[in-house]
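Novice: If you want the building blocks of each chain, they are given just below.
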Amino acid sequence: AQSVTQLDSQVPVFEEAPVELRCNYSSSVSVYLFWYVQYPNQGLQLLLKYLSGSTLVKGINGFEAEFNKSQTSFHLRKPSVHISDTAEYFCAVSEAGGTSYGKLTFGQGTILTVHP
Amino acid sequence: KAGVTQTPRYLIKTRGQQVTLSCSPISGHRSVSWYQQTPGQGLQFLFEYFSETQRNKGNFPGRFSGRQFSNSRSEMNVSTLELGDSALYLCASSQTGGPDIQYFGAGTRLSVL
Chain V
1 AQSVTQLDSQ
11 VPVFEEAPVE
21 LRCNYSSSVS
31 VYLFWYVQYP
41 NQGLQLLLKY
51 LSGSTLVKGI
61 NGFEAEFNKS
71 QTSFHLRKPS
81 VHISDTAEYF
91 CAVSEAGGTS
101 YGKLTFGQGT
111 ILTVHP
Chain B
1001 KAGVTQTPRY
1011 LIKTRGQQVT
1021 LSCSPISGHR
1031 SVSWYQQTPG
1041 QGLQFLFEYF
1051 SETQRNKGNF
1061 PGRFSGRQFS
1071 NSRSEMNVST
1081 LELGDSALYL
1091 CASSQTGGPD
1101 IQYFGAGTRL
1111 SVL
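Note that the protein sequences, when read in sequence, are chains V and B. Here this note's numbering is used: position 82 in the first sequence is 82, and no number is missing along the way. Here this note's numbering is used: position 2 in the second sequence is 1002, and no number is missing along the way.
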């Protein structure tokens, strides 16, 4: 069974500083990787995805992530954050294969707080 | 295109009651997944439906059930509610349920008293 570990539960950062949110996964088969963001009292919004191809993926709002198969990581980065980036971020994994229909396995989330 | 719509947004029930939550997927999406989100357990997969068939199920007791209609709308039901069922229930839709982007609704917040 797959699992996802988000290494930081909270990340405080100042506005315009760079940020990295770390995600490691464990799986015995090929995986697809996602980052979602959740604002208070809302559902999840997709930031970016890795399905295949280039290991560096770019998403919305200036975020990007790099898939590292050897280190089983999928860290999320942004070179300069804004106050509006304050939210909770979730890393998620979907396994290839028919037994994983519709199932995302999520990490525990990282609360990003951007200070002025 | 309209997004994923979940109704109601908020519910208050008492222990022992049952509850039904509704989810309307994005037009053209045939796969609907349900998740439970709690502060302690995080986001956990409940089940997935595709073309009215449950194809995948998470590790939840039988009190949690669901169904999908021919128009892809889905409902989930929780019977004999327990205090621990208090959570945000999220529905997500995708075109196939395979390696696909899931689009989430705003959720239904259930409080069990």
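Hints in this document: simulated from the structure, not taken from any laboratory. Every residue, glycine too, gets a C-beta built ideally from N, C-alpha and C. Check before you lean on any hint, since a few could be wrong.
[What the hints assert, rightly or not] Label-pair ranges, simulated between beta-carbon atoms: (1) B:GLN1044 with V:GLY53: 35 to 45 angstroms; (2) B:THR1014 with V:ALA96: 35 to 45 angstroms; (3) B:SER1051 with V:GLU16: 45 to 55 angstroms; (4) B:ILE1101 with V:GLU15: 23 to 33 angstroms; (5) B:ARG1109 with V:ASN68: 34 to 44 angstroms; (6) V:SER80 with B:THR1020: 18 to 28 angstroms; (7) V:LEU56 with B:LEU1083: 21 to 31 angstroms; (8) V:GLU15 with B:SER1051: 44 to 54 angstroms; (9) V:PRO12 with B:GLN1054: 35 to 45 angstroms; (10) V:SER70 with B:GLY1098: 23 to 33 angstroms; (11) B:GLN1054 with V:GLN108: 45 to 55 angstroms; (12) B:GLY1016 with V:GLY62: 12 to 22 angstroms.
Novice: Among all the numbered hints in the text so far, which are the ones the structure does not match?
Specialist: Of the numbered hints, 1, 6, 7, 11, 12 do not hold.
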